[in-house]
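J.: Turn these sequences into a full structure, and let the hints steer you where they fit.
Sequence order for the protein chains is A and B.
My numbering applies: residue 1 is where the first sequence begins, and numbers increase by one.
My numbering applies: residue 1 is where the second sequence begins, and numbers increase by one.
Simulated from the structure, these hints should not be mistaken for laboratory data.
Some hints here could point you the wrong way.
[Said to hold, decoys possible] Cross-link-like lysine-lysine pairs, in silico, DSBU-like; alpha carbons within 30 Å at most:
1) Lys500/A - Lys32/B
2) Lys38/B - Lys500/A
3) Lys175/A - Lys467/A
4) Lys32/B - Lys175/A
5) Lys641/A - Lys175/A
6) Lys179/A - Lys500/A
7) Lys467/A - Lys623/A
One letter stands for each residue in the lines below.
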Amino acid sequence: MLDVIVGTLNNPQAAQALRNELHDKDLEGTLYIGYPVLSTVDGSISIDGLLCSREHGLVAFDFETGRPPEKLRREQDDIYAAIFQKLFQSRSLREGRGALSVPIRVVTIDPASEGAQNESDVIPPPRIFDYVRQGDPLDLGKLRHVNAAIERVTTLKPPARREVTRADSRGALMKQIEKEIANLDRWQKTAAIESPEGPQRVRGLAGSGKTIVLALKAAYLHTQNPDWQIGVTFHTRSLYQQFIDLIRRFTFDTIRDEPDWSQLKVLHSWGSSSRPGVYSTIAMEGGAPVRDFSYGRHKYGYTGAFEGVCKELLGELNGAAVPLFDALLIDEAQDLPAEFFQLSYLATRTPHRVVWAYDELQNLTRQSMPPFRELFGNRLDGEPRVEHLSSSESPRQDIVLPVCYRNTPWALSTAHALGFGIYRDGGLVQFFDEPDLWEDIGYEIVAGAIEPERHVELRRGESSYPKYFKELLDPADAISTHVFESPEAEAYWVAEQVEKNLSDDELRPRDIMVILCNALTQQRDAAPLVKALSERDIPAHLAGVTSSVDALFRDDSVALTGIFRAKGNEAPMVYVMGAQYGAGGLELIRRRNVLFTAITRSRAWVRVSGVGDSMQRIEQEVKRVVEHNYSLDFTVPSQEKLEDLRRIHRDRPSSEKSQISKAEEEFRQILSRIEAGELPPDIISDELLEAVRRIRTNFDE
Amino acid sequence: MTAAATCREMQRFVVYLLENDLVVAAATPGVKDLPGGKRLVAVPTRGLRSELMGEFGTIVEYQRLIENGENLVVLNDGSLLQIQYVYDGSDVFSHRLAYYPCPVTIESETLDYVDFEILLILGFERCLNSFLTESNHLVFADGTDDVPLLLRTPLRFDYSCRGEDGHSPCHMHMNSNDCRIPVYGPLSLGHFIRFVFRNFYATIWDDHATLREWPLRFDKRTVETDSCIELYWDCRDAIVTA
Numbered sequence: 001m002l003d004v005i006v007g008t009l010n011n012p013q014a015a016q017a018l019r020n021e022l023h024d025k026d027l028e029g030t031l032y033i034g035y036p037v038l039s040t041v042d043g044s045i046s047i048d049g050l051l052c053s054r055e056h057g058l059v060a061f062d063f064e065t066g067r068p069p070e071k072l073r074r075e076q077d078d079i080y081a082a083i084f085q086k087l088f089q090s091r092s093l094r095e096g097r098g099a100l101s102v103p104i105r106v107v108t109i110d111p112a113s114e115g116a117q118n119e120s121d122v123i124p125p126p127r128i129f130d131y132v133r134q135g136d137p138l139d140l141g142k143l144r145h146v147n148a149a150i151e152r153v154t155t156l157k158p159p160a161r162r163e164v165t166r167a168d169s170r171g172a173l174m175k176q177i178e179k180e181i182a183n184l185d186r187w188q189k190t191a192a193i194e195s196p197e198g199p200q201r202v203r204g205l206a207g208s209g210k211t212i213v214l215a216l217k218a219a220y221l222h223t224q225n226p227d228w229q230i231g232v233t234f235h236t237r238s239l240y241q242q243f244i245d246l247i248r249r250f251t252f253d254t255i256r257d258e259p260d261w262s263q264l265k266v267l268h269s270w271g272s273s274s275r276p277g278v279y280s281t282i283a284m285e286g287g288a289p290v291r292d293f294s295y296g297r298h299k300y301g302y303t304g305a306f307e308g309v310c311k312e313l314l315g316e317l318n319g320a321a322v323p324l325f326d327a328l329l330i331d332e333a334q335d336l337p338a339e340f341f342q343l344s345y346l347a348t349r350t351p352h353r354v355v356w357a358y359d360e361l362q363n364l365t366r367q368s369m370p371p372f373r374e375l376f377g378n379r380l381d382g383e384p385r386v387e388h389l390s391s392s393e394s395p396r397q398d399i400v401l402p403v404c405y406r407n408t409p410w411a412l413s414t415a416h417a418l419g420f421g422i423y424r425d426g427g428l429v430q431f432f433d434e435p436d437l438w439e440d441i442g443y444e445i446v447a448g449a450i451e452p453e454r455h456v457e458l459r460r461g462e463s464s465y466p467k468y469f470k471e472l473l474d475p476a477d478a479i480s481t482h483v484f485e486s487p488e489a490e491a492y493w494v495a496e497q498v499e500k501n502l503s504d505d506e507l508r509p510r511d512i513m514v515i516l517c518n519a520l521t522q523q524r525d526a527a528p529l530v531k532a533l534s535e536r537d538i539p540a541h542l543a544g545v546t547s548s549v550d551a552l553f554r555d556d557s558v559a560l561t562g563i564f565r566a567k568g569n570e571a572p573m574v575y576v577m578g579a580q581y582g583a584g585g586l587e588l589i590r591r592r593n594v595l596f597t598a599i600t601r602s603r604a605w606v607r608v609s610g611v612g613d614s615m616q617r618i619e620q621e622v623k624r625v626v627e628h629n630y631s632l633d634f635t636v637p638s639q640e641k642l643e644d645l646r647r648i649h650r651d652r653p654s655s656e657k658s659q660i661s662k663a664e665e666e667f668r669q670i671l672s673r674i675e676a677g678e679l680p681p682d683i684i685s686d687e688l689l690e691a692v693r694r695i696r697t698n699f700d701e
Numbered sequence: 001m002t003a004a005a006t007c008r009e010m011q012r013f014v015v016y017l018l019e020n021d022l023v024v025a026a027a028t029p030g031v032k033d034l035p036g037g038k039r040l041v042a043v044p045t046r047g048l049r050s051e052l053m054g055e056f057g058t059i060v061e062y063q064r065l066i067e068n069g070e071n072l073v074v075l076n077d078g079s080l081l082q083i084q085y086v087y088d089g090s091d092v093f094s095h096r097l098a099y100y101p102c103p104v105t106i107e108s109e110t111l112d113y114v115d116f117e118i119l120l121i122l123g124f125e126r127c128l129n130s131f132l133t134e135s136n137h138l139v140f141a142d143g144t145d146d147v148p149l150l151l152r153t154p155l156r157f158d159y160s161c162r163g164e165d166g167h168s169p170c171h172m173h174m175n176s177n178d179c180r181i182p183v184y185g186p187l188s189l190g191h192f193i194r195f196v197f198r199n200f201y202a203t204i205w206d207d208h209a210t211l212r213e214w215p216l217r218f219d220k221r222t223v224e225t226d227s228c229i230e231l232y233w234d235c236r237d238a239i240v241t242a
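T.: Take a look at the structure:
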């Protein structure tokens with residue numbers, strides 16, 4: 001099929017004519033409109049249209065009309081030269097020292113033309129396909145190289161060199177995996193290039209490339225519209241440097257120049273007077289007080305601080321626009337309050353190009369992202385500011401990135417199974433509000449239907465993960481569980497495995513991440529492992545206080561981390577220790593989210609370990625995933641059941657948790673005293689004993 | 001004492017602190033061979049070592065030390081302990097033992113599930129902002145009255161067997177790099193641990209016999225006789241009676 005990617009429309013009529021002429025011609029490849037933007041000695045050139053098809057090769061379309069023939073020819077030559085230069089960078093497309101193995105044709109589309117002229121190719125729209133099909137076919141390999149060259153994604157940093165001596169070591173496998181990610185996939189292309197006149201939502205699983213896509217989009221918009229004020233914002237401070245680096249590399253790749261940072265601003269969502277952010281800039285420009293974190297925390301509590309100050313600012317502005325940006329790109333949208341989006345709407349000029357990207361299932365709860373109709377608030381007439389997001393017409397306003405590049409399909413299915421409690425003895429822990437989401441995030445229905453109280457079986461679709469996982473990795477090795485009798489035994493085993501990873505497996509210390517599930521006890525939990533690693537002369541560090549996401553990893557030391565620092569990071573080999581934490585207890589939704597987040601940090605292999613009976617329960621659930629061939633087989637809960645789940649397994653305030661812990665401790669003390677003979681056994685009434693028995697039986701069932 | 005033995009001792013110290021919840025972050029050292037047959041015992045870092053960083057005793061330097069990750073531990077109040085030794089065979093060739101108190105107050109109840117760094121960074125920004133706008137009076141524009149900024153100097157015990165012109169081979173820096181208070185001689189890990197916890201963490205000192213009883217080792221005395229008439233840091237392995 002022909003992917004159509006619509007970027008900046010300089011000539012909408014010509015673009016539409018081009019699409020119309022090519023759309024039902026059974027071509028396989030990509031048609032870009034308003035992309036790529038290429039650098040030349042005299043500046044940058046935006047290619048009006050570019051067709052890369054298997055059947056007929058590469059054709060560049062120029063939409064400008066009314067030029068004298070010499071100028072037209074010269075400008076067609078410029079287009080040719082720019083594309084030639086771009087493709088020539090790719091070794092696999094060169095032929096000898098000065099030629100390409102792929103012909104490039106350039107044609108101008110002019111409705112008023114008489115037809116193709118020999119000197120310079122100018123054709124009317126009805127002749128577009130006739131012109132195109134004169135080209136020779138490209139084999140799939142060459143087509144792939146052409147696409148890669150056109151879409152060449154410079155990574156944040158080139159993968160560090162790996163010293164491997166064996167082709168089958170884990171190090172060698174990672175080397176291959178790292179080489180594979182060069183092309184943007186179809187959805188990423190769409191998300192990066194297509195820019196509608198209005199809001200745009202980009203959703204995807206963690207690991208689907210959203211940050212890279214947003215950075216590409218920022219660079220693309222900036223090079224296409226250098227006089228626009230563009231903002232890129234996010235929640236996690238550590239993304240700041242990542243965005244700066246990515247945007248710089250992508251911009252340089254396009255126009256061979258540094259971005260104009262006065263027009264393209266990378267800003268934290270909050271900011272302060274020493275470092276502007278989106279909120280603080282809007283407040284200053286709007287003549288409102290700029291509130292900092294301490295103020296927010298005192299007034300609204302830790303978790304509500306940003307929401308509170310944004311709400312205050314909305315009150316101060318009272319709907320007044322503070323037009324600062326022509327486009328505002330928001331990453332990690334799931335971590336930002338709706339009030340921030342309403343401020344973003346007021347801060348962007350009509351048509352309010354707010355692009356927001358978020359992880360579906362960052363924490364498995366749908367409440368984290370309100371529907372877009374609620375997100376941006378209402379107009380004065382009470383109607384939602386954003387009523388509809390088109391996902392079918394280009395440029396698309398609603399884009400899902402369904403391919404997860406980070407996690408293997410087996411690890412991801414297992415993470416979902418554990419996160420939701422699909423195979424848990426006590427039943428589900430949580431579930432989506434919107435059943436469609438399963439398919440949006442890459443699951444296929446194998447049996448049944450995703451309808452309340454109906455049975456369904458879901459499996460990761462083949463198109464939801466890159467092929468190299470299946471080609472290079474083995475499911476049973478990708479994720480495994482391990483139960484131990486004590487934390488020391490667990491630590492000893494992990495240290496042994498890490499030692500093997502660093503020697504036989506040819507992995508490096510920075511390829512390994514150990515995640516400690518319980519944030520409250522992570523220091524204590526780390527101690528036995530640090531000791532066991534020290535005995536093997538393996539330096540390790542428990543990450544705590546850093547301000548850069550890169551800072552988690554070090555070249556010569558293995559990273560241990562709690563779940564909060566682990567978020568946003570990834571590693572080829574991940575050890576999830578103390579996983580019994582997620583087996584049961586209060587706030588089970590949060591505990592299961594921890595397991596989900598921890599497992600999905602892994603780029604290739606994950607080892608889930610823990611202690612005791614509780615860990616055995618986790619192991620049992622994972623075994624069921626394997627028995628079902630990594631599919632999720634369950635009954636969809638009713639709405640009522642869903643609300644029950646939320647109520648039972650929700651986060652609870654500290655006071656309630658203390659109360660429950662205290663009651664549990666008092667009960668434990670009574671039992672100890674009975675066992676010690678200090679109290680008679682019948683001090684606990686039959687009624688109470690029977691109730692406990694009943695609860696336990698129901699749970700086991 | 002050798003580099004390997006010191007490395008193991010430092011590892012033991014880190015494990016003890018972790019087991020007893022006395023740190024927010026920690027790193028174990030390794031031994032690295034240096035030119036000329038010497039061996040460095042230090043935590044692997046991400047970037048340049050602190051000798052090449054900002055001015056001693058500045059908030060910026062504190063932040064860089066955190067980002068560079070060359071600290072052995074970060075204590076629960078945000079203070080840093082930086083420990084590294086260089087050995088020439090079984091002799092201490094040089095050392096760097098630093099206690100870097102945290103310049104802002106971290107309230108312990110906010111450490112539950114909290115990104116510690118956010119508190120530090122926002123604390124710094126808030127303090128810097130207020131300090132600049134209200135030059136002599138630490139009152140914050142938003143009306144809150146807590147004063148988290150602390151005026152405390154780092155303490156760094158440096159030793160180099162080669163000594164520097166006019167300075168004692170072992171000395172302590174406080175307030176500025178130019179301040180070099182002579183110290184009797186190269187310090188053992190035990191001396192440093194006991195010094196920090198005894199003088200700055202009274203509750204921990206009282207509660208942890210292991211720290212109180214951390215073994216001391218007495219190395220050669222390197223303080224010059226003519227320095228002894230001035231105030232300096234001394235330490236002896238026996239009570240000397242007059």
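J.: When you check the alpha-carbon spacing of Lys175/A and Lys467/A, does it fall within 30 Å?
T.: This hinted pair holds, its Cα atoms lying about 15 Å apart.
J.: Need the status of pair Lys38/B, Lys500/A: alpha-carbon distance at most 30 Å?
T.: holds, 29 Å
J.: So if I understand the rule, the pair passes when the alpha-carbon distance is 30 Å or less; does Lys467/A with Lys623/A pass?
T.: holds, 25 Å
J.: Given the hint that Lys641/A pairs with Lys175/A, does the C-alpha gap stay at or below 30 Å?
T.: violated, 46 Å
J.: Take the C-alpha atoms of Lys500/A and Lys32/B, compute the straight-line distance between them, and say whether it is at most 30 Å.
T.: holds, 21 Å
J.: Checking one constraint from the list: CA of Lys179/A to CA of Lys500/A, max 30 Å. Satisfied?
T.: With Cα atoms ~24 Å apart, Lys179/A and Lys500/A stay inside 30 Å; holds.
J.: Run the distance test for Lys32/B versus Lys175/A: straight-line Cα separation, threshold 30 Å.
T.: Holds, at about 27 Å.
Figure legend: structure checked against the earlier numbered hints; the only hint not met is number 5.
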